[in-house]
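Visitor: The chain contents come next:
There are 2 protein chains.
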Amino acid sequence: MLKNFKNVEKTVFGRGGFDQLGAIVDERRSENDCFTVFLVDNYFEDKPLGQRIPSKPDDMLLFVDIQAHEPTTEQVDTIRDSILKKGLPSCIAGIGGGSVLDICKAVSLMVTNEGSSSLYQGLNLIKKPGVYAIGVPTIAGTGAEVSMTAVLTGPEKKLGLKCEWTVLNQILLDPDLIANVPTNQWFYTGMDCYIHCIESEKGIFNNAYSTAFGDQALRLCREIFLEENAGQTFENDEKLMVASLMGGSSLTYSEVGVCHALSYGLSYVFEYRHGFANCIAFNQLGDYYPEGVREFKDMVNRFQIDLPQNLSADWSDEEVSRMAEISIRLEHMWHHAFGENWKEKINIETIKGLFRRM
Amino acid sequence: MLKNFKNVEKTVFGRGGFDQLGAIVDERRSENDCFTVFLVDNYFEDKPLGQRIPSKPDDMLLFVDIQAHEPTTEQVDTIRDSILKKGLPSCIAGIGGGSVLDICKAVSLMVTNEGSSSLYQGLNLIKKPGVYAIGVPTIAGTGAEVSMTAVLTGPEKKLGLKCEWTVLNQILLDPDLIANVPTNQWFYTGMDCYIHCIESEKGIFNNAYSTAFGDQALRLCREIFLEENAGQTFENDEKLMVASLMGGSSLTYSEVGVCHALSYGLSYVFEYRHGFANCIAFNQLGDYYPEGVREFKDMVNRFQIDLPQNLSADWSDEEVSRMAEISIRLEHMWHHAFGENWKEKINIETIKGLFRRM
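Top to bottom, those sequences are chains A and B.
Heads up, the first sequence is in the working numbering, so the first residue is 38 and it goes up one at a time.
Heads up, the second sequence is in the working numbering, so the first residue is 38 and it goes up one at a time.
Honestly, the hints are just simulated from the structure, not real lab data.
Predicted model only: the values in this text are computed from it and were never measured.
Please note that the accuracy of each hint is not assured.
Identical copies carry no separate label here, and so any pair may be met within one copy or between two of them.
[Claimed, not checked] Within a straight-line C-alpha distance of at most 25 angstroms, the following computed SDA-like cross-link-like pairs (lysine to any residue) qualify:
1) 382 to 395
2) 165 to 390
3) 43 to 325
4) 122 to 217
5) 389 to 353
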């Protein structure tokens, strides 16, 4: 049985596209209780973008804090409860990075599905479609704009809500919005794309579709982060938005692998942001992805990126064990990376060993 | 104002995917008058695929003749009328090449929009959404599986029905279905992808999105039609399906150019099939697309493809004039290829001159 995957319904791509958000939102205003929710990364609260949100007096403009940790089920539930006090929105627009897009996707489902979002972490557990969800990335690389998953950290696990209704209805990709991302952040998030393309290709679920999208995303990443014209340029901002989209699409049929499985453990226990955690982990995975890791190190050097090492010197055995337990539960990732008999190659001790390298 | 483009809603990709068509159709069976229409290229009527159509006793299984000419508005109207005698279908599945997919898209709209389809040739003339439309390509390259257009030849022009409802709701890309396409046909249709990617990139509407998709489609075309492992192989059938999809996507923001404008004239006057007409035209366009045409000729030689030349020796002045008149009306293509002031570079005489080279 092959996947029948749901695409984003509508896409705007191009500079200045953000100015079309108001009109897109207005098309929905007659639905449900006729108000729009804007979920915006609070980083923009005092930035020019924060002043450009096309909210009307009856709308809800919520600035979301995603600096402290990855999105949590508790955070999603709290936002959902505050929205439902006002009613059922006509649509929800998320403006921010992968975290805000995932919160937007999750909240749009949770306004129509009862109970805590932690009840729905997994595949096809959601019972009803959500309200219309719009994603506007302000940093690129995660692929959250096209993915079927809203990754949340819950009381027991870090795992996505995943069903065909999780996919955003509309995305608006405006390269102007990613022009001033701080360099480290630009790099960590861009590497999410690079790393998941490497993982996508090096595993058993990879097929011609994933390869075509993943290869092109990798090629774009090399232009942006490694080759002669690398850097945060006008052209590269555009390329990075497309690379993120294509990298996300490469996962439609394939899977992430070793790095993401470890990264989820790091984020769960130490609340590291996803892109940063990926970079910490990938840096030590030369045994599994030799060319990818070599190239990654070249890119780190090219931009003199801060990438801490020897972190594990300060980690307790208990912390390493907790990370390994979170990590080993991500069976679909290990299965993809090592095949059906992955348990013969990977166990909790191998995983602890990988964390101790970091 | 940037385009807000509609994507195909759902995609199945992979070998054996055709076996999922029955289940996909069944999900819709309670809609409208509860029957499915299968529009199938009549080439398959006595082939194994013709026996695998999952039609039930109450469905309509229509074998469509697309050998004689490109899809016409008359053909679409006739099929529509025959369907409406039975009622409004729950969905329409088109199984065939670009012609059948375009007929499927057009018929799905015309069962809900009154009058002849020739009334709707153009942009956003359609008034109402159609019924659910499913496309199953049996040959790859046209990009019809993802495009917003259903190209039809009408009494006055060859022009697409184009609106966001024209996009297929579901596509099913099974590389097994394109395994036995005759070599010439495989080549002509594959070249539709190659040529529209070249045209997409060489024009003013091209952007980072079009380039990323077009470049990767071109790279795949070179692997399939030119390089060491070129040919109709297991791997290349998969790559060609993805190339077609990506080539079609590269046109979302960009446009076709000189070759397609001329090709429409050839098909209108001589009823040449689209892929063949493109090849006849592109072969003479070295002045406009020098590298592309050089590489195209290498591909023609690699597979010893039948490509007639000196056709124009048998064309009357009146035929050349009619082709040029059809061609020059495709202003968006000339605009893309030569910029806003294209009329300073191209006129009816230049176009006639191009036809006389063929």
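Visitor: All hints, please: hold or fail.
Guide: The hints, checked one at a time:
no., hint, in the structure
1, 382 to 395, "within (20 angstroms within a copy, 62 angstroms between copies)"
2, 165 to 390, "neither (42 angstroms within a copy, 61 angstroms between copies)"
3, 43 to 325, "neither (31 angstroms within a copy, 39 angstroms between copies)"
4, 122 to 217, "neither (36 angstroms within a copy, 60 angstroms between copies)"
5, 389 to 353, "within (11 angstroms within a copy, 80 angstroms between copies)"
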